[in-house]
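In order, the protein sequences belong to chains A and B. The first sequence finishes on residue 414 if you use my numbering, and the numbering steps up by one all the way, no holes. The second sequence finishes on residue 414 if you use my numbering, and the numbering steps up by one all the way, no holes.
Everything labelled a hint here was simulated from the structure, so no lab data went into it. Just so you know, not all the hints are guaranteed correct.
For identical chains, the list gives no copy identity; a pair is met inside one copy or between any two copies.
As the list claims (entries may be wrong) - BS3-like, lysine-lysine: derived pairs with alpha carbons at most 30 Å apart:
#1 LYS303 with LYS231
#2 LYS231 with LYS57
#3 LYS231 with LYS407
#4 LYS221 with LYS99
Computed from a predicted structure; not experimentally measured.
Protein chains: 2
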Amino acid sequence: MKNAFYAQSGGVTAVINASACGVIETARKHSDKIGTVYAGQNGIIGALTENLIDTSKESDADISALKHTPSGGFGSCRYKMKSLEDNKAEYERLIEVFKAHDIGYFFYNGGGDSADTCLKVSQLSESMGYPIQAIHVPKTVDNDLPVTDNCPGFGSVAKYIAVSTMEASFDVASMCATSTKIFVLEVMGRHAGWIAAAGGLVDDSIPVVILFPEVDFDEKKFLAKVDANVKEFGYCTVVVSEGTKWADGRFLAEQGTRDDFGHAQLGGAAPVVANLIKDALGHKYHWAVADYLQRAARHLSSKSDVEQAYALGEAAVNLAMEGKNSVMPAVIRTSNNPYTWEIGMGELKDIANVEKMMPMNYISDDGFGITAACREYLQPLIEGEDYPPYKNGLPDYVVMKKEMVEKKLPSFEV
Amino acid sequence: MKNAFYAQSGGVTAVINASACGVIETARKHSDKIGTVYAGQNGIIGALTENLIDTSKESDADISALKHTPSGGFGSCRYKMKSLEDNKAEYERLIEVFKAHDIGYFFYNGGGDSADTCLKVSQLSESMGYPIQAIHVPKTVDNDLPVTDNCPGFGSVAKYIAVSTMEASFDVASMCATSTKIFVLEVMGRHAGWIAAAGGLVDDSIPVVILFPEVDFDEKKFLAKVDANVKEFGYCTVVVSEGTKWADGRFLAEQGTRDDFGHAQLGGAAPVVANLIKDALGHKYHWAVADYLQRAARHLSSKSDVEQAYALGEAAVNLAMEGKNSVMPAVIRTSNNPYTWEIGMGELKDIANVEKMMPMNYISDDGFGITAACREYLQPLIEGEDYPPYKNGLPDYVVMKKEMVEKKLPSFEV
Numbered sequence: 001m002k003n004a005f006y007a008q009s010g011g012v013t014a015v016i017n018a019s020a021c022g023v024i025e026t027a028r029k030h031s032d033k034i035g036t037v038y039a040g041q042n043g044i045i046g047a048l049t050e051n052l053i054d055t056s057k058e059s060d061a062d063i064s065a066l067k068h069t070p071s072g073g074f075g076s077c078r079y080k081m082k083s084l085e086d087n088k089a090e091y092e093r094l095i096e097v098f099k100a101h102d103i104g105y106f107f108y109n110g111g112g113d114s115a116d117t118c119l120k121v122s123q124l125s126e127s128m129g130y131p132i133q134a135i136h137v138p139k140t141v142d143n144d145l146p147v148t149d150n151c152p153g154f155g156s157v158a159k160y161i162a163v164s165t166m167e168a169s170f171d172v173a174s175m176c177a178t179s180t181k182i183f184v185l186e187v188m189g190r191h192a193g194w195i196a197a198a199g200g201l202v203d204d205s206i207p208v209v210i211l212f213p214e215v216d217f218d219e220k221k222f223l224a225k226v227d228a229n230v231k232e233f234g235y236c237t238v239v240v241s242e243g244t245k246w247a248d249g250r251f252l253a254e255q256g257t258r259d260d261f262g263h264a265q266l267g268g269a270a271p272v273v274a275n276l277i278k279d280a281l282g283h284k285y286h287w288a289v290a291d292y293l294q295r296a297a298r299h300l301s302s303k304s305d306v307e308q309a310y311a312l313g314e315a316a317v318n319l320a321m322e323g324k325n326s327v328m329p330a331v332i333r334t335s336n337n338p339y340t341w342e343i344g345m346g347e348l349k350d351i352a353n354v355e356k357m358m359p360m361n362y363i364s365d366d367g368f369g370i371t372a373a374c375r376e377y378l379q380p381l382i383e384g385e386d387y388p389p390y391k392n393g394l395p396d397y398v399v400m401k402k403e404m405v406e407k408k409l410p411s412f413e414v
Numbered sequence: 001m002k003n004a005f006y007a008q009s010g011g012v013t014a015v016i017n018a019s020a021c022g023v024i025e026t027a028r029k030h031s032d033k034i035g036t037v038y039a040g041q042n043g044i045i046g047a048l049t050e051n052l053i054d055t056s057k058e059s060d061a062d063i064s065a066l067k068h069t070p071s072g073g074f075g076s077c078r079y080k081m082k083s084l085e086d087n088k089a090e091y092e093r094l095i096e097v098f099k100a101h102d103i104g105y106f107f108y109n110g111g112g113d114s115a116d117t118c119l120k121v122s123q124l125s126e127s128m129g130y131p132i133q134a135i136h137v138p139k140t141v142d143n144d145l146p147v148t149d150n151c152p153g154f155g156s157v158a159k160y161i162a163v164s165t166m167e168a169s170f171d172v173a174s175m176c177a178t179s180t181k182i183f184v185l186e187v188m189g190r191h192a193g194w195i196a197a198a199g200g201l202v203d204d205s206i207p208v209v210i211l212f213p214e215v216d217f218d219e220k221k222f223l224a225k226v227d228a229n230v231k232e233f234g235y236c237t238v239v240v241s242e243g244t245k246w247a248d249g250r251f252l253a254e255q256g257t258r259d260d261f262g263h264a265q266l267g268g269a270a271p272v273v274a275n276l277i278k279d280a281l282g283h284k285y286h287w288a289v290a291d292y293l294q295r296a297a298r299h300l301s302s303k304s305d306v307e308q309a310y311a312l313g314e315a316a317v318n319l320a321m322e323g324k325n326s327v328m329p330a331v332i333r334t335s336n337n338p339y340t341w342e343i344g345m346g347e348l349k350d351i352a353n354v355e356k357m358m359p360m361n362y363i364s365d366d367g368f369g370i371t372a373a374c375r376e377y378l379q380p381l382i383e384g385e386d387y388p389p390y391k392n393g394l395p396d397y398v399v400m401k402k403e404m405v406e407k408k409l410p411s412f413e414v
């Protein structure tokens, strides 16, 4: 009977802990085959430095509460393992740690980079003669993993952005006759417009202009679109991705803002866009930058996102029990309306280093909105509510006890 | 039997429509004494320009749905009536419009300015020989009205800020060992720190530094506090009010930011604070500006806020039925724990032009947190959840039909 290792990787989300819950609860059901689940303290760095959290010391109730707690319950990191050629010692160290703690299952919960690490660990463990079943559990608000219908974490961000866009638009609509006519919301997504696209899920009666990273920013065309909306609706809401760029490749957010001391750019894309509108059209504006609020907003998670995050954690353990290796459980969409899905599986060799871009036919011809195809894809992902319990007016989120496992190896520098 | 006039004033909130619902539903119950409730299109401007919405054309179901819909369902404005001496014609016009439409009840839903307008209309109507019962319905996220325990709209903003502070802090806590250590959230409140104070409602295990407009910004002391938090907790969350000022009176947000073209200041206080920390302590940061999202977030309203907003609208009509004039229904706190309250009443002469400031004993000695007294006051205001219904993943907010009443008077310029 082997132990298991679980780690969270990269930017955390509202539901990555739901996957952790799925992994640990399911492993506990297989106590005849899986010993203890160790979790990496602060992600893969915890494995490299042998800082392992003994999850068996966490109560059933606390593990269950992970399902409704945002952030990374065991800590995460953005540490990207180098290539096998460049830093074989690191991979060997991982396997030494796994060996020292009798770990036979490696569950790695993250995006593209962690899928790649997972694949390499699996390959190296074979060649080193210490077999490890490496299973990747998908997670990323960027929604850029192949094979799976979507990535846990994304649906909840999309719901947050769609609801926030709707609510702020209602606000502006009721004041626009004599006051603010422009509201600009800046959202995450440096490389892809998936999150910005969610702003397009509001009803057609709300005039939303979306600025995607995929579409070069055309100031003249943009201002004309905003102007037309203000004339028709009395106001205009703009959802701008932090990754939106000018035609010359500079980010909007980099537009040369300086403070008294000459420090570069303090602001984001939202104030830049708002100011362009003010200068050209003269409208009063307000802007918001959602930043971490959007990916941490477990209070507004989509039900399908929470369910899929849990199901993928659960499936990862079940795949391990079936003897699978170098694979990732995935969401397979079986119907759009009603939305139905099942858990499938992909091979890590088909997933690592493959980025799923937003299809260009998801962006409307004018470049400022989403198409019916995009809405059909996105709509189910924000459906359903899954509220956390509250205590004294605040969500009752859990904090892990994090009891550390005794170290057995010499220290290792990362 | 007289008709009634209802108008929304100033910045809208997550629950001002709940007050509208309370007014209209209660008026419908008194159909033996109150004819039609007319609503001002875009606030008091609708009365001045005789743009009246006939709320009797809105279905019971739609009026009921106002209770869970943020923003101003009939439109609002920031139009401040001048003093009686400076613009008596405007007040006279108001009364002419009321007379033309047989309006005997004036329900004005807003903050300090609208309380003042309400008082003057009541006074002038007497001297003009056309009696109008003017009742003010309190509303303002600024929480600065006297007599009432709190102002509808504030509790929901406070809940939003407390929950957002908690969620973002969980996010940063799980990444801080190797990544972002500082999160700065900018909140509303140009004159008072009520909203910023709500960031202090999170558990003591979360290190939050609050920057209040009431406390001059002391950069050295602030950086020392942040540094101490990072050393103790590994990270630090900062909640900064948009109204925070340097000792010389300049707003932090005005710190001389310029773009390539020399345009002044695009950003807010949050990026300024984040950059100060980065420069002095070197920590990686993220920042968010909640802006309208905080006051429009009906998806996260506090239950007590919604109930009080409705109860005050209801009470306004009941006070009118009792023959009251020049008054405002108010929330009277009868117990802290458990939180109990009842509806009382204040005279507009004691309310108009009186601003309730945050007591200085609500701010901790170091100026960066809230005291036990503040927590005791704030805590009940964020308690309870009151979720809107959802449809297709989005809140099912209502939009009024807004059928206009036929005009009877010559036009009037505002």
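Verification of the supplied hints:
For the identical chains of this complex, LYS303 and LYS231 are neighbours neither inside a copy (38 Å) nor across copies (37 Å), given an alpha-carbon limit of 30 Å. In this assembly of identical chains, LYS231 and LYS57 lie within 30 Å of each other by CA distance solely across copies; the values are 27 Å between and 62 Å within a copy. Proximity of LYS231 and LYS407 under a CA criterion of 30 Å is satisfied inter-copy only: 25 Å between copies versus 67 Å inside one chain copy. Taking CA atoms no more than 30 Å apart as the test, LYS221 paired with LYS99 passes in neither setting, with 60 Å inside one copy and 49 Å between copies.
The structure fails to meet hints 1 and 4 from the earlier list, while all remaining hints are met.
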